[in-house]
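S.K.: Okay, here's what each chain looks like letter by letter:
There are 2 protein chains.
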Amino acid sequence: MSVEVITAIRQLRQRLSALRRQGRSIGCVPTMGALHAGHGALMERARASSDVVVVTIFVNPLQFDRRDDYERYARTFEADCQFSAEHGADIVFAPSAEEMYPQPMATYVEAPEITQYLCGAFRPGHFRGVATVVAKLFNIVQPDAAYFGEKDAQQLALIQQMTCDLNFPIEIVPVATVREHDGLALSSRNQRLTADERKAAPILFQALSEGRHLIASGERQPAKVKAAALAVIGREPLVKVEYFEAVDERMQPVEKIQDDVRLAVAAWLGPTRLIDNVLCRVA
Amino acid sequence: MSVEVITAIRQLRQRLSALRRQGRSIGCVPTMGALHAGHGALMERARASSDVVVVTIFVNPLQFDRRDDYERYARTFEADCQFSAEHGADIVFAPSAEEMYPQPMATYVEAPEITQYLCGAFRPGHFRGVATVVAKLFNIVQPDAAYFGEKDAQQLALIQQMTCDLNFPIEIVPVATVREHDGLALSSRNQRLTADERKAAPILFQALSEGRHLIASGERQPAKVKAAALAVIGREPLVKVEYFEAVDERMQPVEKIQDDVRLAVAAWLGPTRLIDNVLCRVA
Chain D
1 MSVEVITAIR QLRQRLSALR RQGRSIGCVP TMGALHAGHG ALMERARASS DVVVVTIFVN
61 PLQFDRRDDY ERYARTFEAD CQFSAEHGAD IVFAPSAEEM YPQPMATYVE APEITQYLCG
121 AFRPGHFRGV ATVVAKLFNI VQPDAAYFGE KDAQQLALIQ QMTCDLNFPI EIVPVATVRE
181 HDGLALSSRN QRLTADERKA APILFQALSE GRHLIASGER QPAKVKAAAL AVIGREPLVK
241 VEYFEAVDER MQPVEKIQDD VRLAVAAWLG PTRLIDNVLC RVA
Chain A
1 MSVEVITAIR QLRQRLSALR RQGRSIGCVP TMGALHAGHG ALMERARASS DVVVVTIFVN
61 PLQFDRRDDY ERYARTFEAD CQFSAEHGAD IVFAPSAEEM YPQPMATYVE APEITQYLCG
121 AFRPGHFRGV ATVVAKLFNI VQPDAAYFGE KDAQQLALIQ QMTCDLNFPI EIVPVATVRE
181 HDGLALSSRN QRLTADERKA APILFQALSE GRHLIASGER QPAKVKAAAL AVIGREPLVK
241 VEYFEAVDER MQPVEKIQDD VRLAVAAWLG PTRLIDNVLC RVA
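Chains as they are written, first to last, in our numbering: chain D, 1 to 283; chain A, 1 to 283.
Some hints here could point you the wrong way.
To be verified - Label-pair distances were calculated between CB atoms; the ranges are:
id : chain 1 : residue 1 : chain 2 : residue 2 : range
1  : A       : 252       : D       : 283       : 53 to 59 Å
2  : A       : 78        : D       : 124       : 34 to 40 Å
3  : A       : 174       : D       : 17        : 21 to 27 Å
4  : A       : 71        : D       : 283       : 43 to 49 Å
5  : D       : 124       : A       : 237       : 47 to 53 Å
6  : A       : 14        : D       : 191       : 34 to 40 Å
7  : D       : 279       : A       : 241       : 38 to 44 Å
8  : A       : 8         : D       : 283       : 35 to 41 Å
9  : A       : 51        : D       : 67        : 23 to 29 Å
Bear in mind the hints are in silico, worked out from the structure with no lab data behind them. Computed from a predicted structure; not experimentally measured. Glycine residues also receive a C-beta, built at the ideal position from the N, C-alpha and C atoms.
Please put together the full structure from these sequences, using the hints given.
M.R.: Right, here's the structure in full:
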């Protein structure tokens, strides 16, 4: 089982434009590599609705707010290609940083409102880097559809907003978070956890679940939901909460829970930062 | 002689995608209407290299820093369609503001460095509006090439930078400024000038020409070029200079003239703001 690896933008464009002329639809799964079953779910979803599945693997320097995080980010290219092939990808597009940024960047895509809270408040420049590189990848791959995980809820909201506001002719398909048996959301960063941190990490999903349970039971005060969730996380001294918020679909904290809300959390386990979220339906 | 007028994005996409499937190349001329011979030159250039020429006519509210300027901007739709037909356009795309902005915008394209000086310094938000609407039009029309006038040099530099940085698969074609016999650069705003203002307006091109002459004669100090040009403009009391600068191709003022520079000027004649520029070659 093998996949076609392309590293040059020009070559990818030629390859895809030939396929497009044959009437083939193109699905794109943008990733930073270190692929896991969460990415696998994106690829399988793309495979089910596209003639050609392109997985992009690019650890984007523009979206890292800390240099050590960029350098420590897992790079497992051979395994990623094997994994992509096994999950139905046709093409892996893996450009170098020089290929993507041949000259100093002077243009940025931003959505200040969507990125004001949650991760956007703690990672300056991160979402500007995400929106900009995704706009670049959209213009390079020109897919009919692109697939993003709900685990990165604010990123997904940003991409949806950008796609709509800038009229990209691309369908954005959200794919549900994949979790370990104990509830921990899959993330490339999980492999950095020590054994003790790994044991503690599922408390994040437990706290989100407790919050969701309270809302389902009629609680409408975000502060009370947050206090209960933080009390759950407080049981694990290895976990330091960065934020826990109830937000609407534009990623704005709500003062009262009236419509569906998303509970979102970020926390540090030693030097590793994890995020997770759940959607809470309000009948 | 007639042109096909389309106002809905969805309909334009369908029309163009049918043409694209037939292998036709698409050239796009983005305008705000009030068409004159400068736009005519863009269309003729597009006609010479494209199978299908799309002229977009949209007075973009996002790029006006002053509401009165937006409201006073000339709107001459019937004449514009006739003019487009006469200059070889196949399709006029003329969306309403609601079609282009159906919901509040939350995503912007920006190039802070390119837009820091010249008009960018005096028209807050203007170039953010320009870059954002052009990104939208690029994604709607998906042309092979797009045509922009050199009269708006900073806009042209911004679009070139954006196209390159964001990997739009579009060739940006600059087209030389068209001038009246007395040197005045064509602009939709010229028709707002009183008879006296119209008589005074060519002083801008005379000042630019004087600056270019000095540089060709060996002057390398921007301050001296500027002083000489301002002295020329000073002969016309109706003309109030906003800026006069010598800039490089990234629209940064130069401290010494070493490579080719562009002299750029903005000035007010009563309530009307005019801009112009010339490229000065340095052998």
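S.K.: It remains to establish, for every hint, whether it holds in the given structure.
M.R.: The hints, checked one at a time:
no.: 1; hint: A:252 to D:283: 53 to 59 Å; in the structure: 58 Å, holds
no.: 2; hint: A:78 to D:124: 34 to 40 Å; in the structure: 50 Å, violated
no.: 3; hint: A:174 to D:17: 21 to 27 Å; in the structure: 26 Å, holds
no.: 4; hint: A:71 to D:283: 43 to 49 Å; in the structure: 47 Å, holds
no.: 5; hint: D:124 to A:237: 47 to 53 Å; in the structure: 49 Å, holds
no.: 6; hint: A:14 to D:191: 34 to 40 Å; in the structure: 47 Å, violated
no.: 7; hint: D:279 to A:241: 38 to 44 Å; in the structure: 57 Å, violated
no.: 8; hint: A:8 to D:283: 35 to 41 Å; in the structure: 37 Å, holds
no.: 9; hint: A:51 to D:67: 23 to 29 Å; in the structure: 49 Å, violated
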